[in-house]
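Engineer: Next come the chains, spelled out residue by residue.
There are 6 protein chains.
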Amino acid sequence: MRKKVITFGDIMLRLSTPDYARIIQSTHFEATYGGGEANVAVSLAQLGVGAAHVTRFPDNELGKAATNLLRKYGVDTQHIVYGGDRIGIYFLETGASVRASKVIYDRSNSAFAGLEPDMIDWDAVFADADWFHWTGITPAISAGAAACCAKAIEAANRKGLTVSADINYRKNLWQYGKTAGEVMPELIAGCDVIVAGQGDAKDILGITPEGTNGDALASVFSQLMKRFPKVRKIVNTSRTSVSATHNTLSGMLWDGQEMLKTQTYEINPIVDRIGGGDAFIAGYIYGQLAYGNDQKALDFGVAASVLKHTIREDANLATVDEVEALLGGNTSGRLVR
Amino acid sequence: MRKKVITFGDIMLRLSTPDYARIIQSTHFEATYGGGEANVAVSLAQLGVGAAHVTRFPDNELGKAATNLLRKYGVDTQHIVYGGDRIGIYFLETGASVRASKVIYDRSNSAFAGLEPDMIDWDAVFADADWFHWTGITPAISAGAAACCAKAIEAANRKGLTVSADINYRKNLWQYGKTAGEVMPELIAGCDVIVAGQGDAKDILGITPEGTNGDALASVFSQLMKRFPKVRKIVNTSRTSVSATHNTLSGMLWDGQEMLKTQTYEINPIVDRIGGGDAFIAGYIYGQLAYGNDQKALDFGVAASVLKHTIREDANLATVDEVEALLGGNTSGRLVR
Amino acid sequence: MRKKVITFGDIMLRLSTPDYARIIQSTHFEATYGGGEANVAVSLAQLGVGAAHVTRFPDNELGKAATNLLRKYGVDTQHIVYGGDRIGIYFLETGASVRASKVIYDRSNSAFAGLEPDMIDWDAVFADADWFHWTGITPAISAGAAACCAKAIEAANRKGLTVSADINYRKNLWQYGKTAGEVMPELIAGCDVIVAGQGDAKDILGITPEGTNGDALASVFSQLMKRFPKVRKIVNTSRTSVSATHNTLSGMLWDGQEMLKTQTYEINPIVDRIGGGDAFIAGYIYGQLAYGNDQKALDFGVAASVLKHTIREDANLATVDEVEALLGGNTSGRLVR
Amino acid sequence: MRKKVITFGDIMLRLSTPDYARIIQSTHFEATYGGGEANVAVSLAQLGVGAAHVTRFPDNELGKAATNLLRKYGVDTQHIVYGGDRIGIYFLETGASVRASKVIYDRSNSAFAGLEPDMIDWDAVFADADWFHWTGITPAISAGAAACCAKAIEAANRKGLTVSADINYRKNLWQYGKTAGEVMPELIAGCDVIVAGQGDAKDILGITPEGTNGDALASVFSQLMKRFPKVRKIVNTSRTSVSATHNTLSGMLWDGQEMLKTQTYEINPIVDRIGGGDAFIAGYIYGQLAYGNDQKALDFGVAASVLKHTIREDANLATVDEVEALLGGNTSGRLVR
Amino acid sequence: MRKKVITFGDIMLRLSTPDYARIIQSTHFEATYGGGEANVAVSLAQLGVGAAHVTRFPDNELGKAATNLLRKYGVDTQHIVYGGDRIGIYFLETGASVRASKVIYDRSNSAFAGLEPDMIDWDAVFADADWFHWTGITPAISAGAAACCAKAIEAANRKGLTVSADINYRKNLWQYGKTAGEVMPELIAGCDVIVAGQGDAKDILGITPEGTNGDALASVFSQLMKRFPKVRKIVNTSRTSVSATHNTLSGMLWDGQEMLKTQTYEINPIVDRIGGGDAFIAGYIYGQLAYGNDQKALDFGVAASVLKHTIREDANLATVDEVEALLGGNTSGRLVR
Amino acid sequence: MRKKVITFGDIMLRLSTPDYARIIQSTHFEATYGGGEANVAVSLAQLGVGAAHVTRFPDNELGKAATNLLRKYGVDTQHIVYGGDRIGIYFLETGASVRASKVIYDRSNSAFAGLEPDMIDWDAVFADADWFHWTGITPAISAGAAACCAKAIEAANRKGLTVSADINYRKNLWQYGKTAGEVMPELIAGCDVIVAGQGDAKDILGITPEGTNGDALASVFSQLMKRFPKVRKIVNTSRTSVSATHNTLSGMLWDGQEMLKTQTYEINPIVDRIGGGDAFIAGYIYGQLAYGNDQKALDFGVAASVLKHTIREDANLATVDEVEALLGGNTSGRLVR
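Chains as they are written, first to last, in the numbering used here: chain A, 4 to 340; chain B, 4 to 340; chain C, 4 to 340; chain D, 4 to 340; chain E, 4 to 340; chain F, 4 to 340.
Because the hints were derived from the structure by calculation, they are not lab data.
Hints may contain errors.
Which copy? The list can't say, so a pair holds if one copy fits it or any two copies do.
Here are the simulated DSSO-like pairs of lysine-lysine, each with C-alpha atoms no more than 27 angstroms apart in a straight line [stated by the list, open to error]:
1. K205 x K174
2. K154 x K6
3. K7 x K299
4. K154 x K264
5. K154 x K7
6. K174 x K67
7. K105 x K205
8. K75 x K6
9. K7 x K67
10. K67 x K229
11. K6 x K229
12. K229 x K174
13. K162 x K67
Sequences and hints are given; from them, build the entire structure.
Structural biologist: Laid out in C-alpha cells, this is it:
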C-alpha cells in the first residue's frame, strides 16, 4: 500500500525576477507558490509517495492558484481551509557569482497566520496517514498557527504516525509575543526525526557544544537527543558556498551513537537554490519509507537535494529514477536520449 | 514660470496578468507601480507641469523601485518618506469583451497606512507649489493618513494653493473605525475643485437628486456646492461600457450655474482601463493652468483620459501635442511618420 | 451530495503561436493540453461539479504534463491509463479580423488511438458517477477507441447514468476503415442528450430537412429523435462569424416538441475560440444538474460558452458567479474591484 | 515558366514595441527587417512568383540578418552588394484605438545611401526577369541611389521588362540637394504601371484636379498619363481610418479611360499596419502575371493588402489560396481545421 | 569555384523548454528545426561552402517553416520533396549541472520515413556537387529511407564525389524489420570518410578491439578500414562530461597508420549541446576542402564543434574567422568591439 | 553635505540579444541606454553620491527614454541639451565560454557628436559640484565634443573640482581629422586622477616601459606623472579572461611612489561584462569622497566592479552595503533573507 505523508505549513506567492535581474530593474516577476512544508509534499508526490498538505488560503484567485499548483503536482488538497485576508508573498532576486540572492518577505497577516486550533480536524487529516512533517516556521507565524501545530503533533502521536520536523529558526518571524524557546521544546518533544543545525540548537534551545575537543556537532546532537528522548534521528546537510551559483553539499545523520555521512557533491551552476533543504528532508523521508535504512535514506535525501538545485521553482520535481541515477554515480549530466 | 502641482496618496505595486490571462493561469505578472494621486503627478509631468508626489514607502527594494518609477517620469520624489513594513499590492486580471477586468487588493498595513501627521512637513512641501490634489482613497486608508490629509489641506489653503480632490468612495476601504461621512466633509470643505459622481455624493454625504424632473446630476452638484461653498467647480466623466474592451467617454463640469459638456469618444479597443479617471483630472488641471478656461480644461481632461485608455500601466503618458491632436479632431489613429 | 460527471476522450498537446503570429513566423509555441471531452471535465470542475476524465497517455513527461493540467484544474485523473507511443498534437495559428485561425492536426498513432476495450474498467469508473459525456471524435480515432466508447455507453446505461454526446463529425478522422455512418448510430442510440447540427445529421446519418416550408432544424431534430428514441434533448449553438475576432452566439434546445432559444451575445474581441462548444455542453450539463430546467440549462450553457471565448487555452475557467453575472445582464465588462 | 520580379530599394532594421507599449515604456524591441520594395519581393515569393531583391547592406551581422530574412522567405539575394557603414533603422510604436502608431526614422548614412551607380550590374540582375519594381523612396535617399534607380529603369526598359513604381512622396527624405520634382519625372517616364495618389501627384509634380466638377482623382490620373505616356495603369487604395486599429480599404485602377473599383473591406482589428501598400502592389503584380486582367489584378491586390493588415512584420505572408478565399467572399474568419 | 556539399536526412521540429525548465513545468516551447545532416549543411553554409540539403517535408506550414530555416541560413532547398503526413518532432529539456538534458523523440511516420527511392533524382542533385554526407540515422528510419540512401551513395560514387558518413547507431530507431548490421555495411562501403566510435563499431558491425595491449581505438579503426577499403579516414571526438553544462572536447583522426589528435578544450558553460557532432564533421569537411590537410581539418572540426556548444539551436553558426580565432589560441572570450 | 559628481559623455541605445543568442538568430533585442560616463553617474547615485550627467540627446522619444533611465536611477538630468538627429546605438551579442561577446557600434552622427562648445554653460553645471569625470571616448567623437570637453575641464579646474578621466583609447573612433595624440594631452593635463593602462599610454602618448627590468607598469605610470604633473593618482584594473563568462579581476593604484594593489576576485559566471570599468572608477570616486584613503578607495572600486559583472545592463546598481559586504570577505553569495 502506498504510504502517505501529511505536511502542514504556510504557502506564499513567490515573485522572482527573471534572468538574474535586480528587483529595481524588473518589469515583471515570475510567479509560483511555495513553502517549506508544501515543498516537501510536492517532492514526495513526485517520488510516488502519497502526500497531502494542510494549510489555510484566502478565498480568492490567489488561494485558488496556490491550491491548483499543489494539485497539479499530485498533492491532496482536500484538507486545506479557506478564509482570511491574504496570501503571504516573498520576492526573490536571484544572485549570481559573488552577488547573493536576496529575499524580501511580505507574509504578515496571511490567511495562515489567522488559523485557529479548531479550524482543522486532525483526526480526519491523519485517517490513513503514516508520517507527519512540520517545520519551525509554522509556530513562529502566530499563536494560532503554533496551537494548530501542537494539536497536530499530539494527534499524530496518538495515531502512531512518524513525526518529523525541520526546526529551523527564523529570527525575523516570532513577532506575536512568544519566543522560540518558549514554544518549540514542547513541539520538538513529539518528534521522531528532526532536521537541526548548530545554529538552530543554540538559538532555540541554548544548546552549545560541550568540551573543547571532539565533534562539536555530535555533542550538540547528543544533547538534543538527551533533552528530547523521542527523537531517534537528527539529520542535516552541510553546504559550502563557493559563490551564489556554485555550492557543494553533503549530509549527516546522528542516530544517537554514530554520525553517518554522505559524499560531497559539486553543484555548478545552481539553477534555483530555494527549497534545497525541503528536498533533502523529502528525500530522506522517501528513503526511510522505501528502504528503512538510515544510510540509504540519508544518501537519497542529499542526492535529491542536489538535483533540486538544478530545478526551477520551490519544490523538487526529480523522480526516483533520476535520484537513483545520481546516487549510482552519474553526475556527468550526459544527454538522455 | 513652470507651475507645480503636489499630489499625496498611496502607491501600490501593480501585478497584472499578460495577454488577458486569468490569475489562475498566469505564471508571471507584469509589474508596475501606481496609485490614483501619483498617476495624476506622472500625467502632469508628461504634460510639462512640475509635479511632486508625497507618500510613504517601505525602506526596501520595492519602495526604491516605486520611487524610481516616479523619478523616471519626471516626478519630484524628495518629499517621500520611508519606513513601515510593506508596499500595498493589487493584482489585475485584464478582461476582454463580456469578461470584466478583476482587481484583488492586498493593501492593508502598507507603509502609507502607517503615516503619522508629523511625518510630513507640508510647509516645506508646498514651498513653491501652485496646486494640491488628493483623493477620497487617502482618508479611507487609516486615521493617520486621514490626519495627514487634513493637515495638508489646511496648509495648502493657508498658502493659497488651489486644492482639488477626487472624492471617490471605496466601500471596501474605511476599515479603521470611522466612516466616510464622518471624515470627508471637513476635507471636502477645503477644496476648490472636486471630481464627484452621484454615487459618491450619496454614499459619502447622503445627497440625492431633488425633485423628479430636471437634471438629477445638476441637482446633486448644486447641493454639493451649497454645502461646500469653497468648491467652485465639480467635474466628472460619463462612461458607457459596451464591453470590457469597448467604452465611450464624455465629461461634464458644473460651475455653479451651468453644466458644460464635451463630445463623446469611442474607445475600442481599450488597452488599459486603469487610471482613466486620474488622467482626466490631470488633464483638467493642466487645462486650467494652461488656458484658465473651464470648457478648454474639461475638453483637455476628457481627451487626455481617452488617450490613457490606449496606454499600458496606470499613468497617462500622453503629451500635450497628442492630446491636442485628438482635440483637433484626429481620432482616426493614422500613422505618424 | 456533489454530482459527478465522467468524460472520455483523447487529449492533445496544443501548440499555438503567440500574438497572432503565423506558424512560419514563430520562434516559439505556447503549450497547453486539451481535447473536446476533457475540456468539458475541466469546465465542470470550475463550476464545482465533480469531474473525472478517462483517457490514455504515453508514459512520458508529456503524458505526465497533460495529467498534471487536468489535476491542476481539479479533474480526477485516477482512471487514466498509460502506454503507447505518443501524445497527439495540434498546432494553432490564431487568426484576426479577416484572417481565419488555422489548425494543423498531428494526432495519428496517439496513445489514445491504441486503446483496447479491456484497458478500462468502466464499472469502476462509473462507481459513484451521475453523468457520462463523450463526443463523435472518440469513435472516429480508431477501432479500439470506438469499442471502448461502446462499452462505456453500455455500462453507463446499465448503471443508470445520464449519457450525453456531442456527435460532431470530423471528416479528416475516420481513417481506420469504418465510416461514421457504420459506427455512430449504435452509440447515439445510448444517449439521453446530444449536441448536433444539421451538418452532423446529414454527414453521419444522412438526415436532411423534410418539406420545403417550416423550420429545417426542427425537422432534422425531430427525425433524429424518431430514430433515437432514448434521446430526450437535442441542443446546439448558432454562431455568426463577423470576423475571426468577432462572433455572435446563441443557443437552441429541442425537447421533442418545442425549440427553446436564448438571447444572442456579441463576442468582440474573441481571445480564444477553441473549446467554445465544449464550454457550452459543460454549461448545459451544469444547468441540468443544478436547476433541472431546460431553458435555464440552455441559457447557462450559452453564457458559459460566450465567456469561454474570452479565456485563453482550451477549457472554460469561468465560475458559476461569472456565468450568472452574464446571465443577469452584465455584458458590459465593468471593472470588478 | 515561373515569372520573376526584381525589386530595388533600401531595407531597414525595424524595432517595434510589443503589446502597444510606448517607446518610453519599452524594455525590449521586436526586431525584423523591411522596406517598401523588399516587402513586395517577399510578398511575391509567398505567392509563388520568383522574386529577387537588390540592395546594399553593411558587411556585418545586421546586414547578414537582413539578407537571411529575405532568403528565409524565398527571395533571391545573390545581387545584394555589401559595404558601407550601417543599416538604416526605424522604430515603430504601435498605436491602438484613438492613439496613432508612430514611426521614428534613423536611416541616414545607410549602406544603401552610399550606393554608386556602378555597384550594380543591372544587365546581370535582369537576365531572366519579367518585371521591375521600385518606389519613390529610393531616389529620395541619395544622389547615388537615384542614379542607380535611373540606370535600373533604363536597363529594364531596354530588356523589355514591365516597370512599376509606387511613386510615394516622403517629405522628410530628399535631403541631398535635389527635389522630387527635379528627379522623379524622368524616372516615372520609364514606368508602365504606377501607384499614385492625389497628394503624390501634387507634391511631386504639381498636378491638381482640373475643373470643379467631376471625379478629381480621374482628372489627376488623366493628367499623369498625359504627361507620362508609357504609363498604362495607375492604381491605388483608398483607406478610411476609423481608428488606429480599425480601417476600411478599397482599391481603384485607372486604365486611361475608366476607373475600376473594388469592394470595400472592413479590417478590425489591425494587427500590423506597416506594408499594407506594398502588399497591394505585390498582389496587383501577381494578378497581372497570373490573370492578365485589370479588374482581377486590382481585386487580388486589395484582398492581399487587407490580409496583410492581419499579419505581423512588414511583408505579406498570405498565400494565393488565402487571398482567393477572401476574394471568394470568406471574410468571416471561420476556423480552418 | 565554390565547393558544394550535399547532405541528406530527416529534419525534426525541435521543441525545447526555456531557461532549464522541466517539460512538466513549461508553458511554452522554443521552436526550431534540425537534424544531424541538415545541421552539417547549415554549418557549412556559414563557413562559406555551398550546401544543399535533401529531405522530405509534409506539405504544410511546418514543412514550409523548416524549409525557410534552411533557406535563411543559405542552404539550397530546391531538391526537397513534399508529401506525407507529418514532420518528426523532438522535445528537449535542457539540463544543468548534475541534471542531464533529456530528449523525447516523436519522429515515427514522418514525411521522411515515407520516402520512396524514386522520389529523388540523385543525378540532378549531384550535378555540380563535390561532397555527399549522410548519417546512420537515415537508414535506421525506414526501408524507403535506407533505399534512398543506398541510391544516393551509389550515384555519388559514380559521379566521383567524396562521400562521408557519421555512422552513429541509435538503438531506438531501426524499427522497420532490418537491423543496422544488415543494412549499414553496404552503405559504409561506399564512403571515403566516416565518423565512428568504438560503440558504433561494436553495435553495428560487431568489431571490438583486438589484443589486450595497445590502443583499443586504433585497433577498431584499423579493422574498420580493413573491412571497408574505400574508407581513407576515420574521425571522431572524445568528450568528458564534467557536468551537463561543463564538458571537455578533443578530436582524433585515423588515416590508416597514425592517430592524429587535437588539443583538449574546456567548454563551460555549455549553451546548447545538441549538434556538437554535426558541427565537428562540418568543420572537418570545411577543413579538407579549404586546406587539404588532415591535421588542419581535424583541428578545424574540433574548434568548430567547441564553438557550437556556445550557440543556441541545432546548427553551428560560427564563421571561419571565429573558428580560426579559437584555433589561434583565443579561448578567453574577450569582448570583440 | 552630500558630494556631487558631474559626468559628461555620449549615451547610446544598447540593443542586446537575450539568452546568448547570436544577432543573426535574434527576433528581439533587449533595450537599455548606457555610456561610459553616464554609467559612472548612475553607479554613484546608487552609492548615495549626488550625480548629474551632461550630454546631448535628440529631441524624440529615444532621447526622452534615455533621459528617463538616468532620472529613474537618481541622476540629475537638468543640464542635458536636446537637438540633433539621432541617438547612437550599439548592438551587443553576449558570448559564453570560448565564444566572445561582440559589439557592433552604430554611433556616428549622434546628437552628442553635434555638440558645439557654447551649448553647455559649464559654470552653471559645476555650481555646487565637487568632482568632474570624463573619458577618452568624448574627445574622440567629434571636434565639437572635444572642444566641449576642453571647456569643461578648464571650468572644473577654475572652480576647484577634482577632475578624473578614464583616458581609454578606442581606435575605431577618432574619425574627425585629429588624432588622440593631438587632442588628449591638453585634456589629460587638467586631471587629478586618471584611469590608464599600458596600451592607452602607448597608443595615445607613445609612452612605453623604460628599462628591461622592473615593473613595466610602474615605469609607464611614472612617466605619465612626469608628463602630467597635476595627475596625482593613476588607477586601473587587471583582468584575466578565463572565458567569456569567467574572469578574474584585481586593481592597482600608483600614487607617484608606490603601487597599491587589491586582492584578486573570481567572477564566474559573468552576467554582464559591459560597464565593469565604469563601475570601478565610480567605486573609486565614492571611496575617495567617503574615506579619503587611497587603498580603501581602490579596494572599494574593485569590489564595486566585481559586483557590476553580476548585474545586467550597463551601470552598476550595487549599494554601499553590498560592496562593503564583499569587501568584508563575503564572496560566497549566501542567500540574504
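Engineer: Against this structure, judge whether each hint is valid.
Structural biologist: Now for the hints, and whether the structure bears them out:
1. K205 x K174: Answer is within: at 12 angstroms inside a copy they meet the 27 angstroms cutoff, but 49 angstroms across does not.
2. K154 x K6: within (22 angstroms within a copy, 34 angstroms between copies)
3. K7 x K299: Close inside one copy (20 angstroms), not across copies (43 angstroms); limit 27 angstroms.
4. K154 x K264: neither (34 angstroms within a copy, 56 angstroms between copies)
5. K154 x K7: within (19 angstroms within a copy, 34 angstroms between copies)
6. K174 x K67: For K174 and K67, the Cα distance is within 27 angstroms only across copies (24 angstroms; inside one copy 30 angstroms).
7. K105 x K205: within (25 angstroms within a copy, 44 angstroms between copies)
8. K75 x K6: For K75 and K6, both the intra-copy (19 angstroms) and inter-copy (22 angstroms) Cα distances are at most 27 angstroms.
9. K7 x K67: Intra 23 angstroms, inter 21 angstroms, cutoff 27 angstroms: intra and inter.
10. K67 x K229: neither (44 angstroms within a copy, 46 angstroms between copies)
11. K6 x K229: neither (30 angstroms within a copy, 54 angstroms between copies)
12. K229 x K174: Close inside one copy (25 angstroms), not across copies (57 angstroms); limit 27 angstroms.
13. K162 x K67: neither (31 angstroms within a copy, 34 angstroms between copies)
Violated hints, listed in ascending order, are 4, 10, 11 and 13; each of the other numbered hints is respected by the structure.
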